[in-house]
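Q: Now for the letters of each chain:
Protein chains: 2
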Amino acid sequence: MVPGVSTDGSTTSFTPLVVLELASDTKQEAIAWLLSRIRDPQRTGGAELLVEQLGPGDGGSEKENPNLFLVGATWDRLLSGAEEVGLFKEFSDGSMRGFTCANKHNFKHFEGDGDSFLTMAECQYIIKHELDTLRAKDETHVPGHPRAKLYPGKSIIRRLQSKGILIQVFPLHEKEELKRLSYAWYQKMKLSFQPLDDIRHYYGEGQALYFGFLEYFTFALVPLAMIGVPYYLFDWENYDKYVVFAVFNLVWCTVILELWKRCSTSLAYSWGTLSRKKAFEEPRPGFHGVLGFNPVTGREEPLYSNTKRQLRIYLVSLPFVLLCLYLSLYVMMIYFLMEGWALSVHDEEPTFWTGILLFIPSVIYAVVIEIMNLVYRYAAEFLTEWENHRLESSYQNHLVLKVLVFNFFNCFASLFYIAFVMQDMVLLRQSLATLLITSQILNQVMEAFLPYWLQRRRNKKMMRKVQKRKAMADAELPLAEQVRLEADMSTYLGTFDDYLELFLLFGYVSLFSCVYPLAAVLVVLNNITEVYSDAFKMCHVFKRPFSEPAANIGVWQLAFEAMSVIAVVTNCSLIGMSPQVKAYFPESEMQLILWTVAIEHGLLAFKFILSFIIPDVPKHIQIKLSRLEFESLEALKKKKMLEASELTKGIQ
Amino acid sequence: MVPGVSTDGSTTSFTPLVVLELASDTKQEAIAWLLSRIRDPQRTGGAELLVEQLGPGDGGSEKENPNLFLVGATWDRLLSGAEEVGLFKEFSDGSMRGFTCANKHNFKHFEGDGDSFLTMAECQYIIKHELDTLRAKDETHVPGHPRAKLYPGKSIIRRLQSKGILIQVFPLHEKEELKRLSYAWYQKMKLSFQPLDDIRHYYGEGQALYFGFLEYFTFALVPLAMIGVPYYLFDWENYDKYVVFAVFNLVWCTVILELWKRCSTSLAYSWGTLSRKKAFEEPRPGFHGVLGFNPVTGREEPLYSNTKRQLRIYLVSLPFVLLCLYLSLYVMMIYFLMEGWALSVHDEEPTFWTGILLFIPSVIYAVVIEIMNLVYRYAAEFLTEWENHRLESSYQNHLVLKVLVFNFFNCFASLFYIAFVMQDMVLLRQSLATLLITSQILNQVMEAFLPYWLQRRRNKKMMRKVQKRKAMADAELPLAEQVRLEADMSTYLGTFDDYLELFLLFGYVSLFSCVYPLAAVLVVLNNITEVYSDAFKMCHVFKRPFSEPAANIGVWQLAFEAMSVIAVVTNCSLIGMSPQVKAYFPESEMQLILWTVAIEHGLLAFKFILSFIIPDVPKHIQIKLSRLEFESLEALKKKKMLEASELTKGIQ
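Chains as they are written, first to last, in the UniProt record's numbering: chain A, 1 to 652; chain B, 1 to 652.
In short, the hints are calculated from the structure, not lab data.
Here are the simulated lysine to aspartate or glutamate pairs, EDC-like style, with alpha carbons at most 16 Å apart:
| no. | chain 1 | residue 1 | chain 2 | residue 2 |
| --- | --- | --- | --- | --- |
| 1 | B | 638 | A | 83 |
| 2 | B | 461 | B | 488 |
| 3 | B | 277 | A | 631 |
| 4 | B | 461 | B | 486 |
| 5 | A | 277 | B | 634 |
| 6 | A | 149 | A | 138 |
| 7 | A | 277 | B | 629 |
| 8 | B | 277 | A | 629 |
| 9 | A | 638 | B | 83 |
| 10 | B | 277 | A | 634 |
| 11 | A | 277 | B | 631 |
A few chain A positions that, by computed beta-carbon distances, are all more than 12 Å from chain B:
| no. | residue |
| --- | --- |
| 12 | 128 |
| 13 | 275 |
| 14 | 347 |
| 15 | 382 |
| 16 | 425 |
| 17 | 429 |
| 18 | 452 |
| 19 | 463 |
| 20 | 489 |
Quick partial rundown of chain B residues pointing at chain A, CB under 7 Å, derived from the structure:
| no. | residue |
| --- | --- |
| 21 | 280 |
| 22 | 295 |
| 23 | 590 |
| 24 | 593 |
| 25 | 597 |
| 26 | 623 |
| 27 | 630 |
Source: prediction; values computed, not measured.
The beta carbon of each residue, even a glycine, is placed where N, CA and C say it ideally should be.
Given the sequences, and given the hints that come with them, work out the whole structure.
A: This is the structure we're talking about:
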């Protein structure tokens with residue numbers, strides 16, 4: 001990619017990286033003001049970026065929004081931006097260091113002017129950061145929009161977004177690169193590791209870590225799946241060996257979660273996000289409150305009392321979540337009634353159709369669960385928005401917690417009920433299988449194929465429109481159409497749902513592993529298709545997302561670890577309840593329970609010790625990190641020595 | 001304290017801060033070399049400190065070691081040293097910032113030349129740091145001692161120590177200050193909070209945190225003690241109410257440990273150790289290995305393979321510890337035999353003497369436990385030394401772990417046996433009381449009174465000697481004698497034993513709280529005397545220790561938390577075993593156990609959630625910390641902006 005020369009050439013004089021879409025009723029003076037602020041040099045408080053209006057599309061109808069703007073930047077601007085956002089790049093000695101323009105030539109792969117040094121995803125991230133930190137000076141409101149109030153230091157883009165003037169900001173896809181990536185990722189037929197570095201190049205670290213985790217998780221389950229198959233085939237009811245399987249499973253889960261930390265650290269180090277310092281977090285766009293002074297920055301910004309937020313959380317959100325859990329319990333009881341009814345019908349007069357009827361309650365229940373999850377999700381988002389969190393990260397954590405608890409309950413409550421109240425292992429196995437398979441199929445359909453089908457219809461419509469006007473020979477769309485097409489694509493809402501799915505699958509594998517060892521096999525199969533469908537939807541269904549620098553999978557690590565702790569409890573109880581184990585303690589059930597509890601506590605203690613012993617950061621990265629730290633300490637010392645000796649010289 | 005003017009005036013021309021004692025057979029050339037290295041200016045690799053030999057004592061006999069050296073420094077040197085070690089001091093705006101000589105006048109309490117700005121403890125810490133970082137240049141060995149090998153970059157002091165040439169380095173007491181401190185601390189009669197800031201001034205942060213924790217712990221136990229007394233007086237056998245007490249106890253333990261974190265953060269912040277960066281850790285003096293290059297620093301230093309160390313740990317130390325635990329179990333069984341024998345004698349023919357006989361096995365056992373702990377301690381130190389850890393911190397952690405496990409086992413194994421194998425609650429209560437009281441009395445004697453008595457004898461001897469020669473009117477000793485006296489005092493070995501004692505006391509309170517609510521009362525009483533005896537021994541028995549910067553109580557926080565987790569398990573089982581609770585489940589014992597286990601799991605989950613919800617850093621300190629971070633980010637940004645604008649000007 002060469003800067004200043006467009007890939008298309010017809011409409012822009014620079015490489016467009018990011019698109020801004022303003023509402024079609026935006027006042028002209030607001031547009032002019034915004035563009036000038038974006039173009040202004042940095043020393044006068046501008047962003048010093050290149051920006052241009054997108055010409056009318058060839059399918060130009062009056063319905064089209066004319067207010068689409070392409071944003072780009074010169075290479076020098078991008079490099080100084082890279083320094084500002086604190087990008088880490090590989091240094092000539094192989095270590096990762098914070099990029100600085102002053103010694104740019106000492107970085108690996110920095111050649112000539114430095115084009116192709118930054119990936120397009122990085123450039124887009126830099127532009128987003130520059131736009132986000134574009135701050136109001138002495139404007140009191142957006143010109144032409146008196147209701148969009150501004151105050152000194154307020155992020156302009158955030159205010160425009162919260163007032164609905166700015167509809168969306170999104171980075172553009174890179175057709176050639178995307179083609180190459182999608183080939184390497186899922187189109188070539190032979191099985192191979194995913195091109196994580198390429199994914200990171202194109203989508204950023206957050207995405208790449210998700211796919212890395214998905215791959216790691218799949219491979220980690222293979223041993224379980226391989227052991228599970230013979231268990232399934234030969235020893236369906238032999239609990240003695242299930243004990244061995246369950247213990248192995250529990251230890252294995254702990255080990256893989258610990259090892260993943262090391263893996264993710266290695267990845268994050270090689271991608272330069274491990275040591276990167278977080279910038280100061282700005283309030284999220286939707287945050288509102290009374291204007292005041294932030295005690296940390298001293299800047300004017302809305303303040304909202306923490307006590308009020310706590311009250312909203314504990315007096316409204318918490319009871320609501322509990323109510324939903326109760327509702328979900330109620331639905332579950334209805335499911336068991338239906339199940340009982342179907343069974344009684346089948347028992348009265350068993351035919352092929354009543355045999356199928358037996359499965360219908362489970363299928364209906366699985367569908368209802370999916371619907372409830374969806375509805376609850378909207379409620380959770382609304383509530384968390386209403387709690388008015390200042391930071392995006394805090395908003396996300398509260399949302400994740402709400403959704404996680406409900407989903408966990410929804411998915412596993414019936415299984416817990418069957419296992420521990422009804423104590424019916426055959427039904428448990430059957431329900432587990434039905435739930436697992438139904439939810440997998442539903443997920444794949446809802447997640448990838450449905451959006452793909454919608455997107456394809458849209459694509460075709462656009463193509464037809466264009467071809468009607470121009471007799472186009474090649475299948476490539478002109479830039480204006482391409483941008484409009486991408487603007488209409490669905491927005492990728494982050495890795496939340498993908499992780500949630502993995503989390504629930506992990507639950508199916510670990511919670512009841514000693515009853516249904518085949519779960520691991522099903523999950524491995526699901527994950528393999530998941531890689532393909534996720535890759536596919538990232539490349540073809542969604543707008544390109546902005547890359548998010550991430551050093552680990554964050555709160556999900558905790559969630560998975562919590563699940564593995566719960567798994568110890570459930571598996572131990574299941575084993576304790578099995579008739580084969582009970583046979584060892586023919587006289588006293590008390591002895592059996594005491595032993596079960598003791599073993600469970602032992603396993604839990606072992607888990608904690610294990611997670612303590614296995615270091616989170618691999619040795620070689622530890623050494624590299626401490627070397628960097630040591631060097632910076634030494635440099636500081638040398639600087640001070642120099643200053644001191646200069647001082648003494650001055651005195652002499 | 002005014003620099004350059006000695007408090008005594010007779011022997012030194014500067015305020016002596018630290019004493020170096022070399023072996024009496026040290027070669028003169030080695031001494032001359034060492035002194036010149038200490039005096040050399042920093043730019044030629046010296047420490048730029050003041051050093052002088054101590055004159056012969058007035059009690060001068062030929063047995064006295066002549067090689068005692070007093071070390072001091074000029075104020076300028078101390079200030080630049082404060083910057084080097086990264087001391088945090090209060091800034092004029094009330095926040096804590098890293099001290100720099102460049103803007104020294106902006107720090108609070110910096111007046112004139114800055115004397116009295118640094119406390120004596122800080123000065124001594126700085127001098128220790130400067131001595132420790134005095135490195136060999138091209139010497140291959142210590143002059144006159146060819147066996148004391150050196151290589152470029154090796155710390156000279158550490159080599160001298162490991163070769164036995166340097167016997168000890170210790171800071172001097174400050175008579176006046178000490179008098180004032182000891183008055184405020186324990187001599188005035190009215191009860192009050194400890195003068196933590198003064199303690200920190202005199203002994204440094206590590207000590208002050210210990211005393212802070214001791215005080216906090218005592219106050220935190222007061223509510224438990226107050227609830228415990230009526231339980232003891234009125235409801236000796238009423239388990240229903242014990243359940244309430246135990247649950248309160250468990251929640252309370254969690255809460256106080258969490259709140260302590262906030263407390264210790266506040267203290268560490270106000271003392272400037274919270275944000276202080278740790279310097280790169282040097283290998284400990286006793287560490288040996290083949291010379292090689294450290295992968296982090298690139299310096300030549302001994303290397304020792306990590307695998308070898310792991311082998312030593314898992315193949316020798318671990319089995320040894322297990323063997324000791326087995327031995328301890330064996331001793332315990334003998335104790336129970338003795339106990340049984342005494343009981344049978346008493347039952348046969350109960351007299352006053354047989355009544356006393358009943359207590360004898362417990363007392364003997366308590367004494368044997370103390371002796372075993374002592375012996376094991378030496379073995380653990382030897383083994384950990386032999387494991388050859390590179391870092392002092394890693395050595396300490398391994399030592400703490402070994403000693404902790406054994407002490408825990410030794411102290412509580414018999415109680416566990418009585419509680420869960422014999423299920424004899426009366427005996428449990430009795431043993432608990434005996435153990436607690438015996439170990440408290442033993443501890444106080446061994447820890448404070450015995451050393452004090454020894455030290456007093458030494459003091460008197462020295463006084464008598466001096467008075468024989470000089471007809472001294474005042475009771476004050478001249479400097480030379482004072483130094484020699486302090487050199488002979490016992491060395492304070494750190495807070496390890498003090499924390500260990502608190503840890504075991506915490507165990508007595510929390511593990512079996514529902515059986516013996518009076519434990520909290522006893523521990524509170526013990527802690528009050530502990531404060532006094534610890535304060536007393538710090539002021540009068542031991543050499544002054546070097547101050548250790550510490551931001552928290554380190555591994556002990558973890559140990560206390562582990563104890564509180566174990567306490568949940570023991571208390572729940574004790575309650576489950578009580579006849580009153582059993583009466584609620586007359587039909588099935590299974591139901592009872594299941595309920596007990598369920599409640600236990602619930603409590604554990606609640607504990608974890610609680611420790612998750614309570615933030616570790618208080619809000620106002622959080623704000624101060626983020627403000628500092630924000631300011632440094634902003635400063636960096638501004639600096640870069642300036643550079644950029646200068647660059648553009650240069651181009652124009």
